[in-house]
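Chemist: Please work from the sequences and hints to get the whole structure.
So the sequences go chain by chain: A and B. Under my numbering, the residues of the first sequence are numbered 75 to 746, in order. Under my numbering, the residues of the second sequence are numbered 9 to 163, in order.
The set of hints was computed from the structure by calculation and includes no laboratory data. Be aware that a few hints might be false.
[Unchecked claim] With a Cα cut of at most 25 Å, we get these calculated DSS-like pairs of lysine-lysine:
| hint | chain 1 | residue 1 | chain 2 | residue 2 |
| --- | --- | --- | --- | --- |
| 1 | B | 131 | A | 413 |
| 2 | A | 678 | A | 649 |
| 3 | A | 678 | A | 522 |
| 4 | A | 607 | B | 41 |
| 5 | A | 662 | A | 522 |
| 6 | A | 161 | A | 662 |
| 7 | A | 274 | A | 413 |
| 8 | B | 41 | A | 526 |
| 9 | A | 522 | B | 41 |
| 10 | B | 45 | A | 607 |
| 11 | B | 41 | A | 459 |
| 12 | B | 131 | A | 499 |
| 13 | B | 45 | A | 417 |
| 14 | A | 279 | A | 417 |
| 15 | B | 45 | B | 90 |
| 16 | A | 607 | A | 650 |
| 17 | A | 274 | A | 410 |
| 18 | A | 417 | A | 274 |
| 19 | A | 459 | B | 90 |
| 20 | B | 131 | A | 410 |
| 21 | B | 45 | A | 459 |
| 22 | A | 650 | A | 678 |
| 23 | A | 413 | A | 279 |
| 24 | A | 192 | A | 274 |
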Amino acid sequence: MPAFGSYSLLLSLALSVYCFGVGALVLLRPRMAHAERLGETARRAGMGIFLALTCAMLALIAACFQNDFSVAYIFHHSNKDLSPAYKFSVLWSGQEGSLLFWAWLLSAYGLVLRWRHKVDTRLVAYAGMIVAAVQVFFALLINLAANPFAMMVGNIPPDGNGLNPLLQYPEMVIHPPMLYLGYVGFTIPFAFALGALIMKYPGEKWIHITRRWTMVTWLFLSCGISLGAHWAYSVLGWGGYWGWDPVENASFLPWLTGTAFLHSVMMQEKRGMMKMWNMWLIFSTFLLAIFGTFLTRSGVVSSVHAFAQSSIGPWFSTFLALSFAVCMVAFVANRKHLKSENKLESLVSRESSFLFNNLVLLAACFTVLWGTLFPVLSEWVQGTKVTVGPPFFNRVMVPITLFLLLLTAMGPLLAWRSTSWESIKRNFTIPAALAVATAILLVALGWKPWEKMSQFYSLMAISLAVLVMATVSSEFLRGARVIAEKTGHNLFASMVQLTRRNTRRYGGYIVHIGIVIAIVGFAGSAFNTDSEKELGPGDSMTIGGYTLVLDSNTQDDNPNYASESAIVNVFQDGKKIDTMYPERRFFKASQQTATIVANRSTLKEDLYLVYTGNSENGRPILKAHINPLVMWFWIGVWVLIAGTGIALVPNAAALSLRQPSRVQAAAVEAGD
Amino acid sequence: MKRLLQSVLLAAACILLLGASDFNARFNELGHKMMCKCGCNQVLLECNHVNCTYSDRMRDELTAALQRGDSDDLILQGFVQKYGATVLAAPTTTGFNRIAWIMPFAALGAGLLAVVYVVRRWKARQPAVAAASAGEAAPAGFDEYRQRARQETEL
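Modeler: In structure tokens, the structure reads:
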């Protein structure tokens, strides 16, 4: 099986090189003999890469299920007693496997791209050639630098080292694929953009073609990031879900530029503006996805999530430099083609709100990148490394996010081209009054923003969230009222109609609502509290309004791990409301321990229990956290997913006005 | 006299409780300004590694320093001397490290100024272009304008 996998990898490299080489040759010399046929062979070779890499991937999975520890990767990342679901996740739990998985996903995207080549044969040929170039890089990596089928030297061990305990959690089976789908997916809009630039493609068709690709990719990345956050919350056990770790930051960077691209691309579609800006946004998104991988694989920065570090950093930095050079050369050579057809006419307009929104998103991206790389810069300049952790990011990113929220609130109220101040005042008064009322209400409820900066930021975040909700709702209401007047439907049905008529616009607004809800959830962290105590059976501890009583602790054993659980009864106002089971597991193969958090989540707050260990006399030590509003973060993510889903659905046909039938119905009623 | 004694005791209890609350607040604040040095890359009070050889010791040291009555700066300096500059969870606001704090806002400010400048420049050029194009556009009829308005306003 390993030999079959190795040959499949070699075949994928050969096909990638052929697809790129011949594809480029045909595009450079379109009049050469048999150019069309050669181009077709390149396209089919591109589709063949998917088959070859599927074979390689299946070979690795089969080796894992067969416990073939002659393969070094299987020995290092699996063991005999690992459950079948996690045997699948072995594929992306280490360096070599995850790069193979990355290459396979890219080939799958490439397959769809080449399959649908009739949408625009020439543009797809260019995009296919660029995707093939990226594929060559990954094929070289998995063949030469990080071969997943490398064999063990010497005797074959009877059992493997096992999967990293932190990865033995259900979310880890879907989090990495989602994240990779997001990372890899940005290659497609990047390839179309670069292809369109190289061939000086007229019009905005490439944007129309890639619109759904970009949105789907962005959705995957959003889901990947959220699943990662949920995994961190449930497994790492430090009480939070976002710690501004370099690996988290690496996934957030392309998300920010991708979000900016999704917004500004509308300006190009609608008004032929910001063409250069959009080109560089999608270039940056692709480069940041590669850069993120470089960051996490090269060991340049230390991370709690870095499961796969090695010496492949130089490969990535070379590829990154080469990709940047290609983008720059193509841009310099063809920049005249990217001249805007229109100019901004007013600072107070929908266009400028898009521009400011882009600017703030890029500032956020820069801040995250700056903070992530500052330790390296500091070491280079001062000779000493410094830590840039959560206190830095929270202090710098929160004001930027609040500014972004303000812009998100204002955007829908601004008209295209120019907006009068009277119009802003008219549309903004009620939402602004609601936001101020919210702030006053929160202070009346006992918030003290003047005492702690974190409480001030939370108050601002929730007030601005109300502002955004109010402006978005007013947009829905305004449109729905018009439809209701014309059709006689109720307001809710009219809102559904409105959304169906322009799914992209109103789906986008729902995404905004999702983001705002998630930010409300994040704002709750200003009020997090925790307490730690050693408990014997019958002992209790109090946190928030809860009393936690340890009933007993139990032990269990299975071939993969031994576990200890604390059985904790939860009381509120003297009544028992729940029983929780925080757990710690000792994984036998890897000889490592991990915690499994017990969490009782309500809309108000999470009661989060961690079994941190045992005291010297063998009694469990429990750490309890009260994390307010966390559930709203996950609800926000679900709303974001729903909104993106709606935005992906094609618009319904224009609503046919049923005014005459209503008149007829009224006449019949009058006749009766 | 009895009432006075009660009042004094109550005041003392309040001060003690306030002191305890102040102690906890400072412990919490300082503990979130430092990183655990076990290599977990987590904030000191958030490190929950089972059998972590650093976090418990560091927390005890922090408690001891607070009980000695050391100031926040002195405590942080003491930790930096013992564990190195990377023990601080964020760069200081002195020397080169100050750049870490300034750059994000400087970049945002520069970007905002650039956008305002560019838009104003474009706006200043607009009237001449608009006047030149107004004469040509008039006879085209309303359909073209409707189409353009739909194109430009419907997202």
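Chemist: Decide, hint by hint, whether the structure agrees.
Modeler: To see whether the hints hold, each was checked on the structure:
1. Between residue 131/B and residue 413/A the alpha-carbon distance is near 17 Å, which keeps this suggested pair within the 25 Å criterion.
2. At roughly 18 Å between alpha-carbon atoms, residue 678/A and residue 649/A fall within 25 Å of each other, so this suggested pair holds.
3. With a C-alpha separation of about 19 Å, the suggested pair residue 678/A and residue 522/A falls inside the 25 Å cut-off, and the hint holds.
4. Only pairs whose Cα atoms come within 25 Å are accepted, and residue 607/A paired with residue 41/B is accepted, the gap being roughly 23 Å.
5. A C-alpha spacing of about 49 Å is found between residue 662/A and residue 522/A, which places the hinted pair above 25 Å, so the restraint is violated.
6. The hinted pair formed by residue 161/A and residue 662/A meets the criterion: a straight-line CA distance of about 16 Å does not exceed 25 Å.
7. For the hint linking residue 274/A to residue 413/A, the alpha-carbon distance of about 12 Å falls within 25 Å, and the restraint holds.
8. A C-alpha spacing of about 15 Å is found between residue 41/B and residue 526/A, which places the hinted pair at or below 25 Å, so the restraint holds.
9. At roughly 22 Å between alpha-carbon atoms, residue 522/A and residue 41/B fall within 25 Å of each other, so this suggested pair holds.
10. For the proposed pair residue 45/B and residue 607/A, the alpha carbon gap of about 23 Å is at most 25 Å, so the pair holds.
11. Proposed proximity of residue 41/B and residue 459/A is supported: the alpha carbons are some 16 Å apart, at most 25 Å.
12. About 23 Å separates the Cα atoms of residue 131/B and residue 499/A, which keeps this hinted pair within 25 Å; it holds.
13. Using a Cα cut-off of 25 Å, the hinted pair residue 45/B and residue 417/A is violated, with the two alpha carbons roughly 54 Å apart.
14. The suggested pairing of residue 279/A with residue 417/A holds, with an alpha-carbon distance near 21 Å, which does not exceed 25 Å.
15. For a cut-off of 25 Å, the pair hint linking residue 45/B to residue 90/B stands: about 11 Å separates their Cα positions.
16. Restraint check: the Cα-Cα separation between residue 607/A and residue 650/A comes to about 20 Å, which is no more than 25 Å; the hinted pair holds.
17. Straight-line distance between C-alpha atoms of residue 274/A and residue 410/A comes to about 9 Å, which keeps the hinted pair within the 25 Å bound.
18. For a cut-off of 25 Å, the pair hint linking residue 417/A to residue 274/A stands: about 21 Å separates their Cα positions.
19. Distance restraint check for residue 459/A and residue 90/B: the Cα-Cα separation of roughly 15 Å lies within the 25 Å cut-off, and the hinted pair is therefore satisfied.
20. For the given pair, residue 131/B sits about 22 Å from residue 410/A by alpha-carbon distance, which is consistent with the 25 Å threshold.
21. The straight-line distance between the Cα atoms of residue 45/B and residue 459/A is roughly 14 Å, inside the 25 Å bound, and the hint therefore holds.
22. With a C-alpha separation of about 18 Å, the suggested pair residue 650/A and residue 678/A falls inside the 25 Å cut-off, and the hint holds.
23. Among the hinted pairs, residue 413/A with residue 279/A is consistent with the structure: their alpha-carbon atoms are about 16 Å apart, no more than 25 Å.
24. For the hint linking residue 192/A to residue 274/A, the alpha-carbon distance of about 19 Å falls within 25 Å, and the restraint holds.
In this structure, the hints that do not hold are numbers 5, 13, in rising order.
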